[in-house]
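Engineer: Please work from the sequences and hints to get the whole structure.
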Amino acid sequence: MFENRIKKLREKMESKNLDAYLIINIENSSKPSSYYLTGFTGSFSIIYITHNDIIFMTDGRYTEQAEKQTGIKPLLFKTKLSEELKNIINLPKGAKIGFESTTISSNIYLKVLKSFENYEFIPAEDLITELRRTKSEEEIKFIKEAAIIAEKALQETLDTFIVGMTEKEFAAKLEYNMRLFGADNYAFETIVASGFRGALPHGIASDKKIENGELVVIDFGAYANGYNSDITRTIAVGNVSEKQRNIYELVLKAQMAAIDAAKSGMRYGDLDKVARNIIAEGGYGEYFTHSLGHGLGLEVHENPRVSKNSELISMVGDIITIEPGIYLPGELGVRIEDDVLITNDGCEVLTSFDKKLIIL
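Adding 689 to a residue's 1-based position in the sequence shown gives its number in the numbering used here.
If you are wondering where the hints come from, they were derived from the structure by calculation, not from laboratory data.
Quick reminder that beta carbons are idealized off the backbone N, C-alpha and C, glycines included.
Just to be clear, a hint being listed does not mean it is correct.
To be verified - Label-pair restraints from in silico Cβ distances:
#1 N966 <-> I1047: 40 to 48 Å
#2 T978 <-> G760: 45 to 53 Å
#3 E692 <-> N928: 28 to 36 Å
#4 D1034 <-> K762: 30 to 38 Å
#5 D742 <-> D959: 43 to 51 Å
Claimed, not checked - Only pairs whose alpha carbons sit at most 35 Å apart, straight line, appear in this in silico DSBU-like list of lysine-lysine:
#6 K697 <-> K862
#7 K696 <-> K785
#8 K833 <-> K1045
#9 K701 <-> K767
#10 K1045 <-> K701
#11 K767 <-> K803
#12 K962 <-> K952
#13 K833 <-> K785
#14 K762 <-> K697
#15 K898 <-> K857
#16 K841 <-> K830
#17 K841 <-> K701
#18 K697 <-> K898
Structural biologist: Below, the structure is given as structure tokens:
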């Protein structure tokens, strides 16, 4: 699997006239790319790929782990970055080396890469993000498994819910249950936003108690086998008002319409419009304040972006979220989110937790 990915990267390097590609992963700064190309899960690695060779470097914490995970005997990082790169880069003067400009600090670029006067370092992170965009069967399997873990954990947490529990307590139980059901970690800091806090699209769990008569937005995901799930469900506690139910049903209608419309070959801006138009027609257009979704995989947010201004064309193998929402400041919020694979026949929803309004 990893050999094939490196082969594809080399093909892209050739098309861009690059002589080499450099990945600098310091404190997980480029862990997704490091893992994607080699299988290495550690926090520090230097990967240098030419058309005929690959050099993998890490420090003393990871030498045994790196060789087991990558099948490559690693070089041991002993001194400072500039000196180590001088030891491994041996190309003719004027050679072009691609690198991930978005994952290194300006300090490394200015003090290390710019010091190599004989070489031209060219921002080229798009080579790997383009490869990562189309998910393989194994990647799809891993994301499905991460979704199953998260959904089992949510059900377990709902089964033990008590009115008056704080948002932090609910989030802690949910994250704990994800671990119990097999997650390596939770995908991101869990969002639990009840009542008026539901109007905060990224309302990280607080000390607020969850009370009767409130809607609760729960945005969560599991991280397992290197891949993430990302799911949102909005539940109700106790009595539900007609307004709350109508807003929930409007968001659900918009979300289902977008799922039904999702297919390969369409502009993602047009997919966003499907859901956005329904919410606007329902009178809440100004309260849908974020993009319809985003790509999902090794990272929770990755290529492609699914927004109203996106010109990207959907492709078979994309995995995206579809997550419209309505947020009324000081009052409530509703969001419903699923993970969706673009297929030859339309799309496949990878998440399965019930979307009927659950009332606890």
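Engineer: Each hint: holds or not?
Structural biologist: Hints and how they fare:
1. N966 <-> I1047: 40 to 48 Å: violated (27 Å)
2. T978 <-> G760: 45 to 53 Å: holds (47 Å)
3. E692 <-> N928: 28 to 36 Å: At 59 Å between Cβs, range violated.
4. D1034 <-> K762: 30 to 38 Å: With a Cβ separation near 45 Å, D1034 and K762 fall outside 30 to 38 Å, so the hint is violated.
5. D742 <-> D959: 43 to 51 Å: Because 44 Å falls inside the window, the suggested range holds.
6. K697 <-> K862: violated (42 Å)
7. K696 <-> K785: holds (18 Å)
8. K833 <-> K1045: Measuring from Cα to Cα gives roughly 21 Å; hence the hint holds.
9. K701 <-> K767: holds (31 Å)
10. K1045 <-> K701: Measuring from Cα to Cα gives roughly 45 Å; hence the hint is violated.
11. K767 <-> K803: holds (21 Å)
12. K962 <-> K952: holds (14 Å)
13. K833 <-> K785: violated (39 Å)
14. K762 <-> K697: holds (22 Å)
15. K898 <-> K857: holds (9 Å)
16. K841 <-> K830: holds (17 Å)
17. K841 <-> K701: Violated: K841 and K701 sit about 40 Å apart, past 35 Å.
18. K697 <-> K898: violated (51 Å)
The earlier numbered hints that this structure contradicts are 1, 3, 4, 6, 10, 13, 17 and 18.
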